[in-house]
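Start from chain A and add chain B according to the hints.
These protein sequence lines map, in sequence, to chains A and B. Using our numbering, the first residue of the first sequence is number 1, and each one after it goes up by one. Using our numbering, the first residue of the second sequence is number 430, and each one after it goes up by one.
There could be a bad hint or two in this list.
Unchecked claim - Now the in silico label distances, taken between C-beta atoms and shown as ranges:
1) B:750 x A:171: 49 to 55 Å
2) A:84 x B:859: 53 to 59 Å
3) A:411 x B:750: 57 to 63 Å
4) A:114 x B:494: 29 to 35 Å
5) A:95 x B:750: 16 to 22 Å
6) B:506 x A:171: 30 to 36 Å
7) A:115 x B:750: 46 to 52 Å
8) A:144 x B:488: 34 to 40 Å
9) A:60 x B:704: 24 to 30 Å
10) B:739 x A:425: 51 to 57 Å
To be verified - Chain B is faced by these chain A residues, among others (derived, beta-carbon under 7 Å):
11) 26
12) 27
13) 131
14) 160
Read the hints as simulated data drawn from the structure, not as lab findings. Cβ coordinates follow ideal geometry from the N, Cα and C atoms, glycine included.
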Amino acid sequence: MKRLALVAVGLAALAWPALAAAHPLGNFTINRFSRIEASGPRLYVRYVLDMAEIPTYQAGRIDQRKYARRIAANARLAVDGRPVTLVPLRSALAHPRGAAGLRTTRLEVILAGPILHGRVSVSYHDNNFTGRIGWKEIVVGNTTPSTSHELRAYPKDLLQSPLDVTTARASLAPKPGPDLPPPLSSGATLNAPDRVADSGFASLVGRSHLSALVILASLAAALFWGAAHALSPGHGKTIITAYLVGQRGTPAHAALLGLIVTITHTIGVFALGAVTLALSQLIVPDTLYPWLNLVSGLLVVGIGAAVLRARLRRRRATHQHHHHDPPSLRSLLAVGVSGGLLPCPSALVVLLAAISLHRIAFGLVLILAFSAGLALTITGIGLVAVLARNTFRRIGFDGPLVRLLPAASALVILAAGLAMTVRAFPKVS
Amino acid sequence: MRRRKVLIASAAAAAAATVSLLGGAFSGPSRVNPLEILAANAAGSPEQQALGRLLSGLSTGDTAGYVRKLERHVARRRSDAGSLAVLGLAYQQRARETGDPTFYRLSGSALRRAELAHGPAALIAQGEASLANTRHQFRMGLRLARQAIGLAPENGAAYGALGDALLNLGRYRQAFKVYDRMALVSPGIASFTRVANARELIGHRNAAAEADELALETGSTVPENVAWTMVQLGNVRFNTGRLSEAAKDYRRALRRLPGYVHAEAGLARVDAFEGRYASAIARLRRVVGVLPIPAYVILLGDTLHASGHERAARREYALVGAIERLFAANGVRTELQTAVFDLDHDRNVPDALRRARLAFTSAPGIYSEDALAWGLFRAGRCEQAKAHSIHALRLGTRDALLIFHRAMIERCLGSADARSWFERALAINPNFSILWAPVARRAIQ
Numbered sequence: 001m002k003r004l005a006l007v008a009v010g011l012a013a014l015a016w017p018a019l020a021a022a023h024p025l026g027n028f029t030i031n032r033f034s035r036i037e038a039s040g041p042r043l044y045v046r047y048v049l050d051m052a053e054i055p056t057y058q059a060g061r062i063d064q065r066k067y068a069r070r071i072a073a074n075a076r077l078a079v080d081g082r083p084v085t086l087v088p089l090r091s092a093l094a095h096p097r098g099a100a101g102l103r104t105t106r107l108e109v110i111l112a113g114p115i116l117h118g119r120v121s122v123s124y125h126d127n128n129f130t131g132r133i134g135w136k137e138i139v140v141g142n143t144t145p146s147t148s149h150e151l152r153a154y155p156k157d158l159l160q161s162p163l164d165v166t167t168a169r170a171s172l173a174p175k176p177g178p179d180l181p182p183p184l185s186s187g188a189t190l191n192a193p194d195r196v197a198d199s200g201f202a203s204l205v206g207r208s209h210l211s212a213l214v215i216l217a218s219l220a221a222a223l224f225w226g227a228a229h230a231l232s233p234g235h236g237k238t239i240i241t242a243y244l245v246g247q248r249g250t251p252a253h254a255a256l257l258g259l260i261v262t263i264t265h266t267i268g269v270f271a272l273g274a275v276t277l278a279l280s281q282l283i284v285p286d287t288l289y290p291w292l293n294l295v296s297g298l299l300v301v302g303i304g305a306a307v308l309r310a311r312l313r314r315r316r317a318t319h320q321h322h323h324h325d326p327p328s329l330r331s332l333l334a335v336g337v338s339g340g341l342l343p344c345p346s347a348l349v350v351l352l353a354a355i356s357l358h359r360i361a362f363g364l365v366l367i368l369a370f371s372a373g374l375a376l377t378i379t380g381i382g383l384v385a386v387l388a389r390n391t392f393r394r395i396g397f398d399g400p401l402v403r404l405l406p407a408a409s410a411l412v413i414l415a416a417g418l419a420m421t422v423r424a425f426p427k428v429s
Numbered sequence: 430m431r432r433r434k435v436l437i438a439s440a441a442a443a444a445a446a447t448v449s450l451l452g453g454a455f456s457g458p459s460r461v462n463p464l465e466i467l468a469a470n471a472a473g474s475p476e477q478q479a480l481g482r483l484l485s486g487l488s489t490g491d492t493a494g495y496v497r498k499l500e501r502h503v504a505r506r507r508s509d510a511g512s513l514a515v516l517g518l519a520y521q522q523r524a525r526e527t528g529d530p531t532f533y534r535l536s537g538s539a540l541r542r543a544e545l546a547h548g549p550a551a552l553i554a555q556g557e558a559s560l561a562n563t564r565h566q567f568r569m570g571l572r573l574a575r576q577a578i579g580l581a582p583e584n585g586a587a588y589g590a591l592g593d594a595l596l597n598l599g600r601y602r603q604a605f606k607v608y609d610r611m612a613l614v615s616p617g618i619a620s621f622t623r624v625a626n627a628r629e630l631i632g633h634r635n636a637a638a639e640a641d642e643l644a645l646e647t648g649s650t651v652p653e654n655v656a657w658t659m660v661q662l663g664n665v666r667f668n669t670g671r672l673s674e675a676a677k678d679y680r681r682a683l684r685r686l687p688g689y690v691h692a693e694a695g696l697a698r699v700d701a702f703e704g705r706y707a708s709a710i711a712r713l714r715r716v717v718g719v720l721p722i723p724a725y726v727i728l729l730g731d732t733l734h735a736s737g738h739e740r741a742a743r744r745e746y747a748l749v750g751a752i753e754r755l756f757a758a759n760g761v762r763t764e765l766q767t768a769v770f771d772l773d774h775d776r777n778v779p780d781a782l783r784r785a786r787l788a789f790t791s792a793p794g795i796y797s798e799d800a801l802a803w804g805l806f807r808a809g810r811c812e813q814a815k816a817h818s819i820h821a822l823r824l825g826t827r828d829a830l831l832i833f834h835r836a837m838i839e840r841c842l843g844s845a846d847a848r849s850w851f852e853r854a855l856a857i858n859p860n861f862s863i864l865w866a867p868v869a870r871r872a873i874q
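Bound-form chain A, shown alone (with noise of 0.2 Å):
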C-alpha cells in the first residue's frame, strides 16, 4: 500500500518539474548513513546506502556481497586511536522505483566492529563514494535521531544543503545485554522508502484503508492544512481586510467571501488538474502560475480602482448624507475569486494522486475540505477587521479618521494589485 503513496509523490513530480526528480536529493546522488552503536559488549555499524537513478544504472548489477565488502573496506574506524577492521555481517538490497521508469538503490550492511571493554573513544571516517554528490550523515548512538530518517524522509522545504558529515568522534561504552547485531529493514521500509519528509496533506489521499473514522481523520487534517496553509503569505488577506473594513462590511460579507473564496478555489484546482492531465505535453503548470498570478493581480487592481471611483463619485454626490451602501454582490464576488484562483500545489497533487488511485470521490471531499479551511481561515480574519471596526465605531471613534477608511482601503487595494501585478510580470512567459 505504501506503493499507492509513492504513486501520489510521482505525480506530484509530474506536476512539478521542479520537484520532479523521484529522487528528493536529485539523480546524480549518491547518499551515505552511518549509524555506530553498541550492542551488548560489541560495537555495530549500521550502513545505508542510498543510491538516485543515474548512479543506480552506472552500478549496473549490484552484488550485495561485493558491495557490502567494499563499503566495509572504506569506512574507517578507530578505538582509542587505534584501527580496527569491520566485518560485513548481513546486507539487504531493495531497488525502489525511480522516475523516468528507472530504479534506484537501498542497501543496508550491518558491519561488525570489536568488543568494547569499557568506555573508548572512537574516531569514524566514511570514505565511501567520496567526491560523489548526496547526502552523507553520521550519527552515534542507537537512539540518537537522524535528520534524514535513515535516508528514509529528507527534509525538503528547509533552507538547509544536504548534510556533507563523513567523520565522527565520539565516546561509546559496552552495553549490558546480549550481543545483537542491529536489525536490516524490510519489507516496505526497505522496498518503497518514499524519502520526503513532509508530504502532509499530499499523502492523507493514500491511505490504505479507508474506514469511516480514517475519511473523517483525514478530512479533519484536510481542515487543518487548509487553514494553516492560509496563513502564509498571499491569498489574498490583506486586500480581503482592506476592503471589508473599507466597504463597511458585515459579518455575513466575511462568511460570504469565505464561500467565494472556497468555491473558487475547488474550481480552480479542479480546472488547473484538467488542464495538467489534458495538455500534459504542451502546458507544464509552472508556466500556467505566473499567468494566474497575473490576472489575479490585475483584478485586484480593477476592484482597487472601482472602489476608489464608487467612493469619489459618492462623495460629490451626497455631501451631507451618510450613507452605508453595503458592498454589491458583484465587487464581492471579485474580491473572493482574487483570494481563492491560484490553486495550491499541494491541492493539485492530491486531485492528481486520487484520480490515479481511483479515489476520486474522496479526492474531492479532501480539496473541499482543505479550500473549507483556507476560506475558514479567511474569514476568521475578515471577521476580526469587521468587529474591531465595529468596536471602534461603537466607542465613538467615528472621527474624520474612521470616514477616511474607505478611500484609504482602496487605496490599499490598489497599491497591493499594483504590486502583485509588477511582480508577476516580468516571469509570464
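Coordinates of chain B only, in the frame set by chain A:
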C-alpha cells in the same frame, strides 16, 4: 583597508584596459567614465553591500561552510531578507562547484522567501534571472535581468545574466554590447571571461585567450571561479589544436582546485587525442563517477569506441539514453547535447531532429542552429541544412565542428567546395572530435 584600496586601483586599471576589449568591433567609444562608476559603487547601495558580503564570504574558498553559516543565520532570523537573498546567490555558487542541482532548487526557495520578506529587489531579480538561465528559460531570464538592471544599474552580475540570456537567444550583437557594458560597470573575472567567450564566438581566438588571461589577472579570490577560467582558457587553446598548452591550463586549474572535474575532463580529452586511451578512460571514469553529465558520459563512450572497447562504449551510450529519459521526465524538453549525441550516433534521428528544432525555436543561438542543420543533414534534407549552416556560421565562429558539419552538407549537395571546408575544419583543429576528425581526414585523402 589597504587591500581594498589596492583592489579598487587594480580594478580601475583593468576597467580602463577593458573599454575596447572587443576591439571596438561591436561598441563605439564609451561615454561612461569607469572611475565614476567605481566611485559610485564604493558609495554602497544595499545591493552592493550585499554583493560585497557575498564576495567576501565566498573568498574564503569554503563555500559550503559559508552557506551553512548563512543557513543557520536565516533559521534564527527568518525574516532577514538581505541574508536570504545572499544565501540564494551563494547556493548558485554551490551548484556550480558541486554540479548538484539540489542547490538550484534551494536557491529558488531562498530567493522566493527573500522576495516575500521584501528583500533587496534588484539582487533577487538578478538571482532569479541567472536561475532562469540555468533552467534554459532564457526569455524569462532576459526579462528578470532587465528588471534587475532597472532597479540597480551598477550591479554587474545583472548585466552578466542579461548578456547570457541574449547570447542564448541568438541576439549576439546586443549580448556583446551588454558584456562590454558589464566589463565597464564591474571589471573582473566574471565580465572578462564573458568577453573572452564573445571573442571566441566571433572567431578571434587569440584575443579570447588574452581576455581569459586578463580575467585571471584580476586576482579573483573565489577558487572555483579561477579554476573555471583556467579551464576555459584551456578549452580555447584546445580548440585551436594547442594540446600541450591546454593541458598546462587544465593542470593549473587542478592545482588551484584539487579534483576539479572540468579540469580532469579537459586532461582526459587531451589524453584521448594524443592516443593515450587508457589514461583518458581512467580519468573519464573518475569524472563520470563524480558528475555523470551527458557531455562527459558521451566523451567517455566515444573514447571507448575509438579505442575499440565496443561493449563498454555501448554501456555508456545506454547511460546517455537513461539520462535523456530522466530529462524528459523532468520536463526538460530541449536538451541540445543529447539531440546532437543521437544525431552523431545515428539514433532516433527523426526525434533528435524534432528536439533540435525545438531547441532552436526556444533558444535560437548558433549552436542550436548548427544542431538543426546537422539534424536536417542526417535526415537527408541537405538544401535546408545548408541554409541553417550558413546562418549558424554568420558570426565567423572558428569552431571546427561547425565547419565540419558544413563540409558534410556541402558534400551531400555534391558541391566542389566540400573539400576546402574539410580542410578548413582540420586546419583550425586537427583534433576537433574523436568521432569526426578521422572522417574529415579521410575525406581529403
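Going through the hints against the structure:
1. At roughly 50 Å, the beta carbons of residue 750 of chain B and residue 171 of chain A sit within the given window of 49 to 55 Å.
2. Between residue 84 of chain A and residue 859 of chain B the beta carbon distance is about 56 Å. The supplied range of 53 to 59 Å therefore holds.
3. Distance hint check: the CB atoms of residue 411 of chain A and residue 750 of chain B are about 59 Å apart, consistent with the given range 57 to 63 Å.
4. Between residue 114 of chain A and residue 494 of chain B, the C-beta spacing of about 34 Å keeps the proposed range 29 to 35 Å intact.
5. Range check, residue 95 of chain A to residue 750 of chain B: about 19 Å between beta-carbon atoms, so the 16 to 22 Å window is met.
6. Take residue 506 of chain B and residue 171 of chain A: their Cβ atoms lie about 35 Å apart, and the range 30 to 36 Å holds.
7. At roughly 50 Å, the beta carbons of residue 115 of chain A and residue 750 of chain B sit within the given window of 46 to 52 Å.
8. In this structure the supplied range 34 to 40 Å holds for residue 144 of chain A paired with residue 488 of chain B, their Cβ-Cβ distance being about 36 Å.
9. Between residue 60 of chain A and residue 704 of chain B the beta carbon distance is about 29 Å. The supplied range of 24 to 30 Å therefore holds.
10. The hinted window of 51 to 57 Å between residue 739 of chain B and residue 425 of chain A holds, with their beta carbons roughly 54 Å apart.
11. With a cut of 7 Å, the hint placing residue 26 of chain A at the interface with chain B holds, because the nearest CB-to-CB distance is about 5 Å.
12. The restraint placing residue 27 of chain A at the interface with chain B holds, with a minimum CB-CB distance near 5 Å, inside the 7 Å limit.
13. Because the beta carbon of residue 131 of chain A sits about 5 Å from the nearest beta carbon in chain B, less than 7 Å, this interface hint is met.
14. A least Cβ separation of about 6 Å between residue 160 of chain A and chain B falls short of the 7 Å threshold, and the interface hint therefore holds.
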